[in-house]
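**Q** Generate the whole structure from the sequences, applying the supplied hints.
Here is how the chains run, residue by residue.
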Amino acid sequence: MQVRLSANDLACRRGDRLLFAGLSLELVPGMALHLTGPNGVGKSSLIRILAGLARPWAGEVAREGAVALVDERAALDPDWPLGRALGFWAGIDGADLAGPTERLGLAGLLEVPVRYLSTGQKKRAALARLLGQQAPIWLLDEPLNGLDSAAVAMVEAITAEHCAAGGIAVVASHQAFALPGMARLDLARFSPGMALQ
Amino acid sequence: MSALARLLARDLALLLSARRGGGAVLPVLFFLAVAMLFPFAVGPDARLLARAGGGVVWVAALLAAILPLDRLIEPDLELGMFDQWALRGLAEEAVVMVRVLAHWLSFAPALLLATLPAAALLGLDGQMTQSLLLGLLAGTPGLAALGVMVAAITAGLKGGAALAGLLVIPLAVPILIFGAGSLASGGTSGVALCGAASLLLVAIAPFAGGAAVRAGR
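Those sequence lines, one after another, are chains H and B.
Start counting the first sequence at 63; every next residue gets the next number (the working numbering).
Start counting the second sequence at 3; every next residue gets the next number (the working numbering).
Hints listed in this document are in silico derivations from the structure and should not be mistaken for laboratory results.
Cβ coordinates follow ideal geometry from the N, Cα and C atoms, glycine included.
Heads up, a few of these hints could be off.
Only pairs whose alpha carbons sit at most 25 Å apart, straight line, appear in this in silico SDA-like list of lysine to any residue [what the hints assert, rightly or not]:
(1) K160(B) to P140(H)
(2) K160(B) to R79(H)
(3) K160(B) to D78(H)
(4) K160(B) to G127(H)
(5) K160(B) to L115(H)
(6) K160(B) to R177(H)
(7) K160(B) to R75(H)
(8) K160(B) to R135(H)
Incomplete in silico selection of chain B near chain H, CB under 10 Å [stated by the list, open to error]:
(9) S19
(10) D72
(11) A88
**A** Structure representation (structure tokens):
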């Protein structure tokens, strides 16, 4: 099966506002795409549409391959220690998270309840789950929020590895994302900039 | 262990833990408190207590089942759990079905056990306690399904918990009528009808709840 993510003539509407329209993209293995644009331009909405979690107002999305999503919600049970909360997902994904947690600097935090973790630590935990998931298509919504500079470099490195191994990555971020050969898509160019009548 | 078994283990652990689900103890204490207070409220007339006691146990069971309603679905929506499950191919219907089972396991077995002291407090005889237990066994799965379904429908709404309570009560009426009615009429036909109403709710809850979760996304 050829991994692929493509969208044809997408439009997204929120309330009576058209966020973007006429957006098409085609991603093949090894490609990374940086979604940029000001707040409210529809980056998160596009990520959710690409993930199949939201329906576009017009157009269609074609996906070949499993999708992994990291967004602002960590999806980790706040009352459980980090190790147990991650272990739940590791069990479902059939993953061994020892390597990813070590790599993302979480090894010392496994006994700490998730609700005591900082924003950046939770983000790193979500990224550890992402590594364990082994999905060929990565959708990352603001993956750098709350991360320190060392962790930012780490995220850029693991994304580069993922793409080098034939994965697809879509990164929505208003921050710079250093990845060689990364395509850029400025969502503001697809904004009709007017309210629907 | 399959994904659904892991999900059940997680749901049950969370519902039984004191922090999120209120624990298994709280609904049972609530249930016993009602059974204990009722004789004080209506007086010590043994005949009246024996006649009304079964119905009181049923109402207490219903209220105990809807006690954790706002914690059944909403926290997982807020945490983004449903999105992650959907991406892993776990249908909302399956997740809701597992949640119904977890919710039932978290309150019903303890409630059935607590029915014995409650029946003693209300002065119910052996025959009546037996049909009460049978009826609760048939009816509580429906109450659990109803609770999860309504929790899914009202998740994310402002004041959803109050609305959920209002939605549950009328839909629980068939179970209550047949379940409590079987005590007055004797025999098992009431229990069978109660079980039928309960099964119907168990059958529709995954689909209604799953659709509600998807629509709220």
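**Q** Does each hint fit the structure? Answer for all of them.
**A** Hints and how they fare:
1. Between K160(B) and P140(H) the CA atoms are separated by roughly 22 Å; this keeps the pair inside 25 Å, and the hint holds.
2. This hinted pair checks out: K160(B) and R79(H) have alpha carbons roughly 24 Å apart, not beyond 25 Å.
3. For the proposed pair K160(B) and D78(H), the alpha carbon gap of about 22 Å is at most 25 Å, so the pair holds.
4. The hinted pair formed by K160(B) and G127(H) fails the criterion: a straight-line CA distance of about 37 Å is larger than 25 Å.
5. The straight-line distance between the Cα atoms of K160(B) and L115(H) is roughly 23 Å, inside the 25 Å bound, and the hint therefore holds.
6. Taken as a hint, the K160(B) and R177(H) pair is honoured in the structure, with Cα atoms around 24 Å apart against an allowance of 25 Å.
7. A threshold of 25 Å between alpha carbons decides the hint, and for K160(B) with R75(H) the separation of about 24 Å falls inside it, so the pair holds.
8. Our distance criterion of 25 Å between C-alpha atoms is met by K160(B) and R135(H), whose separation comes to about 20 Å.
9. Of the supplied interface hints, the one on S19(B) holds, with its beta-carbon coming within about 7 Å of a beta-carbon of chain H, less than 10 Å.
10. Contact between D72(B) and chain H, as hinted, is not supported at the beta carbon level, the nearest pair being about 16 Å apart and thus beyond 10 Å.
11. Contact between A88(B) and chain H, as hinted, is supported at the beta carbon level, the nearest pair being about 6 Å apart and thus within 10 Å.
Violation of the numbered hints given earlier is confined to hints 4 and 10; the remaining hints are satisfied by the structure.
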